[in-house]
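First to last, the sequence lines map onto chains A and B. The C-terminal position of the first sequence is numbered 285 in the working numbering, with every residue numbered one higher than the one before it. The C-terminal position of the second sequence is numbered 460 in the working numbering, with every residue numbered one higher than the one before it.
Check before you lean on any hint, since a few could be wrong.
[To be verified] As a list, the in silico DSS-like pairs of lysine-lysine whose alpha-carbon atoms are at most 30 Å apart: (1) A:77 x A:111; (2) B:368 x B:351; (3) B:368 x B:433; (4) B:204 x A:213; (5) A:12 x A:213; (6) A:77 x A:8; (7) B:328 x A:8; (8) B:204 x A:12; (9) B:204 x A:9; (10) B:351 x B:328; (11) B:328 x B:368; (12) B:368 x B:434.
[Unchecked claim] The following label-pair restraints were derived from C-beta to C-beta distances: (13) B:107 x A:282: 23 to 29 Å; (14) A:81 x B:413: 58 to 64 Å; (15) A:201 x B:331: 30 to 36 Å; (16) A:25 x B:225: 36 to 42 Å; (17) A:15 x B:321: 52 to 58 Å; (18) B:321 x A:269: 45 to 51 Å; (19) A:156 x B:331: 31 to 37 Å; (20) B:241 x A:134: 50 to 56 Å.
To be clear, the hints were calculated from the coordinates, so they are not data collected in a lab. All C-beta atoms in this analysis are idealised placements derived from N, C-alpha and C, irrespective of residue type, glycine included.
Each chain, written out:
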Amino acid sequence: MSWLQEQKKAAKRDENIVGDRLTPETLQRIGGIPQFPPLAAGFRPDGAWTHSYRIFACHGNVDGGNETVGRLRLERKPATAGRFQLLADQSIVHNDDTLHTLRATLTCENKAAAPLVEWTLSSRCENAEGQPLPEASCDESGRVSGGSVELRRKGGLARYAASGLVTSDWALFAALQQMPFSPSAMPPFDLLEGLSLWRPAHRIAYRGTYPWKGGGVEGPLHWFQQWGRGTLPYEYWLDSNHRLLVVTTLSRAYILDGRAEELLRERRESRLRRNRQRSQRKKNV
Amino acid sequence: MSKAIEMRRREFFLAAAGLPPSVSRGAQPAGRPNVLLIITDQQHIASIGACGNPHVRTPAMDHLCRSGFRFAQSHSTNPVCSPARSSIFTGRMPSETGVTSNGHPIRSTIPNLGQWLSAQAGYETFYAGKWHLPNSYATQIPGFRMLPGGIGGQGNLGDTCVSRACEAFLRNRSSNRPFLLVASFLQPHDICEWLRLNLRDPGKLPLPGIAAELPPLPPNFDVDPGEPAPLRRLRQQNEPARGRWSREHWRYYLWSYYRHVEMVDGEIQRVLDALHDTGRAENTLVVFTADHGEGLAEHQLVRKSNSYDAALKVPLVLCWRDHMPAGKSDPTSPVSGADIVPTVCDYAGVKPPPNMRGRSLRPLVEGKATAHDQFVVSEIPVDVARVVRSRRYKYVTFAADRTEQLFDMTADPGETRNLASDSAHAAALAEHKKLLLDWERRLDVAPGLPNANAWWRQTG
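Please take these sequences and the hints and turn them into a complete structure.
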């Protein structure tokens with residue numbers, strides 16, 4: 001192959017590489033942005049709301065391997081004493097057709113970074129036939145008290161010394177909606193990702209406006225970045241109503257989508273149908 | 001095939017068919033430890049805090065290093081996922097297992113560790129996570145019961161289910177029979193996705209806030225203009241060359257890689273916590289390793305599939321509380337993924353399968369004099385190159401390029417001065433060619449192996 005041919009081949013190959021980190025613009029380029037749901041009447045970031053996000057995975061190629069693998073549903077309920085409750089329900093379909101679901105109830109302080117007060121979490125799996133796998137189940141609970149985090153699990157208690165505020169990725173989805181669109185800094189915090197993985201020394205910064213037109217939303221979005229130990233950076237884009245539309249980290253994105261639940265169900269059911277057909281074929285053979 | 005080998009294979013198949021030759025099911029043979037084999041994917045050997053790396057925070061891996069025994073010269077048998085994994089699970093070289101590249105199954109005549117321990121020693125054997133022999137995530141693996149979870153190319157999404165499944169297994173288990181549990185994580189392999197999503201250098205740091213945290217470039221960042229053509233070609237195909245990366249983008253890549261390692265460290269912590277909470281740490285041998293390394297900007301390379309140490313060397317830690325010295329390491333002995341099966345069998349009190357290419361590392365852990373090979377061989381991949389690593393030297397030969405490499409790894413651990421044409425090292429060169437020739441002649445290579453005779457031709 002000549003040098004020129006090699007160059008042409010490489011250029012063609014690179015055309016199919018996304019090449020830039022996931023943002024609303026790159027997601028739009030690879031077909032990841034749906035029609036965002038209309039703003040709910042009376043939406044207030046500090047009120048009661050429910051948001052469903054499609055969990056979208058990108059392998060870095062423009063025209064292949066990008067797919068919705070799950071959904072995250074968050075429901076915020078105001079509570080007393082300067083707190084709020086957040087119900088998180090995340091389901092992901094895995095390659096072996098396991099459906100892994102994390103359900104959590106969090107109590108958070110209603111202030112910057114939504115610091116965690118206490119929570120309960122369950123981890124459940126269903127197999128490729130839709131049957132629950134009790135042996136793969138875990139339950140845990142935790143609380144933050146006096147600068148220390150306690151995680152209670154079957155058979156054990158883990159303690160982490162917190163350097164300051166402690167929050168979780170799900171709580172931040174709610175907290176970001178109450179952040180001012182200005183360079184005012186959120187204090188540093190430690191992150192308990194998925195309410196269990198300790199990721200210390202995180203920061204969030206407001207990065208200004210982000211030109212945008214798409215998915216039924218027009219006008220600049222507002223852009224935040226979060227970085228620290230233990231995870232790739234998270235980036236957040238909100239509309240002018242402080243509604244969180246898109247979150248990206250590494251090769252996954254959470255995209256506000258009224259059809260998130262339906263897409264998860266469709267994906268799950270199509271795979272279960274395929275598995276039933278396969279096992280029927282095997283029986284017939 | 002010799003009669004002895006034939007007999008051992010017959011015993012194996014009888015056992016695998018549910019007729020173990022020497023162990024009755026249900027009873028736990030006294031003294032057999034549980035085995036927890038933790039595998040990460042594409043982890044550079046130095047990407048652990050306890051190894052002196054100040055740019056990464058890895059409390060779980062640090063704990064294993066500090067409470068176990070670490071091998072500082074641990075090599076992959078092949079710096080590509082499937083071939084390397086075939087060695088980890090069989091103790092054989094990839095050219096023998098038939099796993100010549102990604103997505104091939106292990107030859108059916110060669111038992112894997114799960115088949116062997118269940119058949120020979122009554123272990124209950126469980127597998128969670130990436131397999132890749134042939135499928136990345138399998139619903140069935142011979143010799144193992146499957147635990148759920150895992151998403152190809154998305155360790156950041158799938159590894160949590162893998163660690164949760166392992167945690168649930170440990171916390172919910174009531175049986176006293178010894179078990180082998182494989183916790184096979186995909187991270188930090190997601191760096192491959194990162195490379196595709198950061199191919200283009202944006203010309204400025206995407207996260208201004210991390211400017212002061214960017215790790216420096218490695219001392220061996222520069223490229224040897226005389227290096228063999230296959231290495232130069234590989235570099236040209238990699239993202240940094242295609243995206244014309246600045247030095248800052250290279251450093252951003254290093255910073256990002258370490259975050260991938262930290263992600264999987266958290267998942268490992270979850271499994272270790274469950275082991276500890278259930279009181280099993282005292283009777284469980286933990287083996288921690290990776291299938292292959294990551295370029296990490298050394299020689300301006302990313303990913304794997306090459307002969308430099310960044311791609312070839314992997315973490316290897318053995319940890320069994322009160323049964324081996326804590327916090328010790330072997331800084332010089334070359335070991336490889338092929339040593340894992342015989343080592344686990346040794347601690348489990350089981351004779352290893354026939355034709356092991358690796359050796360038990362137990363004598364090295366126990367500080368006993370050993371006849372352990374003073375060298376290891378790696379296949380780069382199966383048909384491109386061979387590496388022979390002795391305590392002092394590293395010899396590299398290529399099937400399609402006459403340029404050889406010889407590095408004095410004591411004086412030049414960064415592999416920056418090729419001594420292959422230096423007459424002062426001619427004896428070492430000849431000695432390593434002879435080691436390779438003898439090694440290759442012993443192998444029972446899989447039928448249809450590409451370039452099977454290349455190494456004999458060059459070295460003979």
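To see whether the hints hold, each was checked on the structure:
Straight-line distance between C-alpha atoms of residue 77 (chain A) and residue 111 (chain A) comes to about 14 Å, which keeps the hinted pair within the 30 Å bound. Restraint check for residue 368 (chain B) and residue 351 (chain B): satisfied, since their Cα atoms lie roughly 20 Å apart, inside the 30 Å limit. A C-alpha spacing of about 29 Å is found between residue 368 (chain B) and residue 433 (chain B), which places the hinted pair at or below 30 Å, so the restraint holds. Of the pairs offered as hints, the one joining residue 204 (chain B) and residue 213 (chain A) holds, with about 25 Å between alpha carbons and a cut-off of 30 Å not exceeded.
Under the criterion of a C-alpha separation no larger than 30 Å, the hint pairing residue 12 (chain A) with residue 213 (chain A) is consistent with the structure, at around 28 Å. With a C-alpha separation of about 56 Å, the suggested pair residue 77 (chain A) and residue 8 (chain A) falls outside the 30 Å cut-off, and the hint is violated. Simply put, residue 328 (chain B) and residue 8 (chain A) have alpha-carbon atoms about 53 Å apart, too far for the 30 Å limit, and the pair is violated. The straight-line distance between the Cα atoms of residue 204 (chain B) and residue 12 (chain A) is roughly 26 Å, inside the 30 Å bound, and the hint therefore holds.
Restraint check for residue 204 (chain B) and residue 9 (chain A): the C-alpha separation of about 28 Å stays at or below 30 Å, so the hint holds. With a CA separation close to 26 Å, the supplied pair residue 351 (chain B) and residue 328 (chain B) stays within the 30 Å bound. The suggested pairing of residue 328 (chain B) with residue 368 (chain B) holds, with an alpha-carbon distance near 14 Å, which does not exceed 30 Å. Straight-line distance between C-alpha atoms of residue 368 (chain B) and residue 434 (chain B) comes to about 28 Å, which keeps the hinted pair within the 30 Å bound.
Range check, residue 107 (chain B) to residue 282 (chain A): about 25 Å between beta-carbon atoms, so the 23 to 29 Å window is met. At roughly 59 Å, the beta carbons of residue 81 (chain A) and residue 413 (chain B) sit within the given window of 58 to 64 Å. For residue 201 (chain A) and residue 331 (chain B), the Cβ-Cβ distance of about 32 Å falls inside the hinted range of 30 to 36 Å, so the restraint holds. Checked against the given bound of 36 to 42 Å, the beta carbons of residue 25 (chain A) and residue 225 (chain B), roughly 40 Å apart, stay inside it.
One distance hint, 52 to 58 Å for the beta-carbon pair residue 15 (chain A) and residue 321 (chain B), holds here, with the actual separation near 54 Å. As the Cβ distance of residue 321 (chain B) to residue 269 (chain A) is approximately 47 Å, the hint placing it in 45 to 51 Å holds. Between residue 156 (chain A) and residue 331 (chain B) the beta carbons are some 35 Å apart, a value that agrees with the proposed interval 31 to 37 Å. Residue 241 (chain B) and residue 134 (chain A) have their C-beta atoms about 51 Å apart, which keeps the hinted 50 to 56 Å range intact.
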